[in-house]
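J.: Chains V and G supply the protein sequences, listed in that same order. The numbering of the first sequence is this note's numbering, which starts it at 1 and goes up by one. The numbering of the second sequence is this note's numbering, which starts it at 1 and goes up by one.
What the hints contain is simulated information worked out from the structure, not anything from laboratory work. Values in this document were obtained by computation on a predicted structure and should not be read as measured data. All C-beta atoms, glycine included, are put in the ideal place defined by N, C-alpha and C.
Label-pair restraints from in silico Cβ distances:
| id | chain 1 | residue 1 | chain 2 | residue 2 | range |
| --- | --- | --- | --- | --- | --- |
| 1 | V | Leu-92 | G | Ala-363 | 50 to 56 Å |
| 2 | V | Phe-163 | G | Glu-93 | 47 to 53 Å |
| 3 | G | Thr-243 | V | Asp-214 | 34 to 40 Å |
| 4 | G | Glu-99 | V | Ser-221 | 49 to 55 Å |
| 5 | V | Leu-54 | G | Asp-376 | 53 to 59 Å |
No farther apart than 25 Å at their CA atoms in a straight line, the calculated lysine to any residue pairs in the SDA-like style are these:
| id | chain 1 | residue 1 | chain 2 | residue 2 |
| --- | --- | --- | --- | --- |
| 6 | G | Lys-285 | V | Asn-172 |
| 7 | G | Lys-135 | G | Leu-106 |
| 8 | V | Lys-86 | V | Ala-324 |
| 9 | G | Lys-135 | V | Leu-68 |
| 10 | G | Lys-135 | V | Leu-78 |
| 11 | G | Lys-261 | V | Asn-184 |
| 12 | G | Lys-261 | V | Pro-189 |
| 13 | G | Lys-208 | G | Thr-264 |
| 14 | G | Lys-135 | V | Asn-81 |
The following residues of chain V were derived to be distant from chain G, with all beta-carbon distances above 10 Å:
| id | residue |
| --- | --- |
| 15 | Val-151 |
| 16 | Ala-170 |
| 17 | Trp-177 |
| 18 | Gly-199 |
| 19 | Pro-208 |
| 20 | Ile-251 |
| 21 | Asp-258 |
| 22 | Asp-262 |
| 23 | Ile-299 |
| 24 | Ile-351 |
Here's the letter readout for the chains.
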Amino acid sequence: MSITQGMGPAQVPAAVATADGDVTPPKRRRSGIRGSENRAGLLFAAPAFVLILLFLIGPVLLALWVSLTDWSGKGSPLGANFIGAKNYDTLLGSPNLQQRDLATALRNNMYYVLLVVPLQTVLALILAMAINRQRLRGKGFFRTAFYFPSVTSTVAISVVFLFLFTASGAVNSVLAWFGINGPNWFADPRGVGHLILSGLGLVDTANPPAWLADHDFLGISWFQWIAGPSVAMCALITLAIWTTAGTFMLIFLAALQDIPADVEEAAMVDGANRWQRFRNVTLPALKPTMFLVITLGLIGTWQVFDQVYLMSQGKPSKTTLTPAYLSFQTSFQDGKWGQGTAIAFILFVIIIVMTLIQRFVMRDRDSSRKPWWRRRREAALTGSDV
Amino acid sequence: MSVHRTRTAVIGAVGALTLLAAAACSSDTATGGTSSPAAAATSSAAGSATGSEGGGGSEAPAAGGAQLQLLFGSSGTAETDALTEAADAWGSENDSTVEVTAAQDLTQQLAQGFSSGTAPDVFYVGADQVANYAKAGNLLPYGDELSNADDFYPVLKDAFTYDGTFYCAPKDMSTLALFINTDLWAAAGLTDADIPTTWDQLATVAAKLNTGGAAGLSVAPERDRVDAFLVQNGSYLVAEDGTTITANDPKNAEALGFVKKMITDGVLKTPAELDSGWAGEAFGKGAAAMTIEGNWLLGALKSDYPDLKYTVAELPAGPTGTKGTLVFTNCWGISATTQFPEQAKSFVEYMTSTDQQMAFATAFGVIPSVESAQADYLSEFAANEPFVKGVDYARGVVNLPGITDVLADFNSQLQDLANADPQAILDSVQENLTAAVGG
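Use the sequences and the hints to build the structure in full.
T.: Shown next as structure tokens:
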């Protein structure tokens with residue numbers, strides 16, 4: 001061991017020794033070949049490394065710094081006054097307008113995520129399964145058609161949706177065929193949750209029960225938290241599902257084509273019906289893809305900005321306000337850059353926590369991937385080296 | 001270990017380099033920001049050099065050899081063309097060049113310019129943003145140095161006065177007035193004598209016009225329209241001094257109550273209810289017999305609804321006979337970091353001169369911001385008298401710094417005015433405004 005000391009990663013000489021049973025001091029070999037390899041490797045990685053530092057890590061750290069200052073938007077933020085966590089305190093600590101705005105934005109976005117992520121994942125999976133069938137005429141056409149919304153510009157789609165969802169637009173005309181008097185979509189701030197509750201006769205939205213109206217969290221009452229997405233937000237939700245399902249369909253399609261046909265055939269031989277094959281063969285095989293799709297969906301939906309910016313700017317009655325748009329508005333319109341970046345970092349924490357929760361829920365339950373404490377205990381029991 | 005060490009060293013070196021680069025950038029902008037006198041000195045030296053080269057001669061005016069950058073939010077090609085032409089004319093008179101750029105998103109582009117120290121020399125500033133920019137030190141407070149400073153309407157000067165300093169020159173102005181569809185008016189059996197001058201009359205004619213096909217009155221449910229009623233009732237969100245917050249004044253609640261009653265009576269409808277993007281569209285296509293909008297609607301009606309017959313009247317007065325409207329305006333902001341402050345001021349003086357403002361009025365329908373142009377304007381555009389008269393009793397938008405979110409909140413509450421308690425809305429506005437200004 002005294003030889004290998006100060007020589008670099010301990011496992012390298014160890015591996016060499018066990019592999020050839022050779023006792024040559026590994027020093028020369030390492031510095032001769034491996035050393036230059038490492039240097040070359042670092043050299044090759046350096047441009048990417050510098051770029052990542054400059055354009056990714058740097059801006060993130062700078063934004064974190066801005067969120068701790070009262071930077072006014074003039075000149076470099078490095079010279080701004082450090083004010084500690086005051087921006088975060090304004091947003092989270094005391095009941096005021098800023099906190100209510102953030103809470104409203106979080107509530108809106110929460111319902112947006114809760115509806116968009118499951119629906120777009122299921123829709124993408126259904127579309128992918130439909131296209132993946134062996135005997136399907138015009139496969140290429142359907143693939144293109146389903147993927148088309150994803151490659152069209154958000155601006156164009158948003159404008160089309162604005163027309164579709166006007167009071168006398170196409171959506172309401174179709175609803176009228178069924179005798180439904182459609183709402184004035186983008187001007188309707190009523191929460192769907194409230195509509196359902198009052199429709200069932202459970203609560204009176206004009207006079208909510210005291211236990212809901214009198215308690216509040218982050219400045220807005222429990223009753224406001226259960227409002228659900230507004231009618232206007234539902235139009236945005238439809239838009240999001242329609243545009244992103246195509247992208248995720250493509251990812252699912254790639255994964256479906258990776259499932260070996262003989263596994264499916266084996267299941268058929270075993271007498272599994274279509275549902276059983278889907279439930280016990282296809283779905284488990286898709287698990288890593290599912291994880292990817294849901295993670296991408298979660299991150300994308302928590303950051304929704306462009307549709308809000310283009311279509312509603314948070315209107316009506318702030319029911320389409322989202323944290324990303326609120327952050328933009330606070331920074332650019334109000335000149336409160338510190339508060340705006342603080343909102344962005346609160347959103348960042350939420351996304352991280354959500355992804356971790358999702359990772360935990362979807363973790364592999366195979367024995368090799370058991371949590372470390374169980375692995376260790378089992379290792380101790382069997383005496384094997386894990 | 002040595003591999004580790006090399007790696008650490010490389011990481012360290014790269015990190016240090018990045019930091020250095022960042023520091024270099026920041027110190028650049030810092031000098032760009034603080035040492036502007038030096039920069040200005042060199043530029044003026046360069047200016048005089050070009051001046052003498054051009055044979056401009058002995059005492060070249062302060063404006064010489066400048067390369068000004070102008071960023072503005074354009075209302076259309078008419079404005080862009082007129083502005084480019086005027087800028088070229090000023091440039092050739094003063095041995096300078098002006099790069100005229102129409103912004104995609106003015107606020108955002110300006111914000112990027114301010115933070116990187118590359119803001120344009122001259123730019124449009126909305127009355128709602130002036131306090132934010134002034135407070136951050138982005139604006140050159142040149143207002144009182146202009147030779148025509150006393151020519152601007154007082155209410156416009158107030159709009160661009162922050163903390164007692166007149167920051168920038170009003171570009172032009174717009175006021176709200178009452179648009180009346182004359183065909184629907186006649187069909188309802190109304191005559192010129194019925195044009196409303198009081199709230200009661202407004203409610204009465206709106207009810208008469210509110211027949212099947214069209215709403216009596218359509219007003220966007222936002223403070224930029226509804227606030228006019230507050231002014232007509234002798235109050236406003238802030239007192240005349242511009243700083244005392246009077247949002248929860250019972251007079252304001254009474255005014256909002258009047259608007260609410262018109263909504264609940266069904267005579268006032270929002271543009272969205274009439275399937276329109278804004279009140280002008282509802283009025284243009286005949287879905288509303290009356291609307292309260294500004295003079296920008298004149299151009300829109302001319303281009304989109306050329307056959308519509310309409311007339312414009314001053315807004316009705318409140319119960320106490322107080323007239324009231326709102327005035328909207330932009331100013332010619334000059335960047336605090338400009339290298340050519342004197343030339344920029346000369347440019348603004350040229351752009352706000354009586355003749356130039358009349359040229360703009362003809363080109364793209366704005367109303368001059370200087371009193372000396374009033375007579376000329378009225379003789380040429382007699383029908384626009386209600387807008388010009390309005391400036392005498394109008395109030396500008398509230399220009400306190402950092403209140404955009406408060407006003408946005410007020411707007412969102414106004415969208416639900418039909419179901420809300422006016423006093424409760426105003427109490428929350430009072431509380432939020434007080435917190436925003438105090439904190």
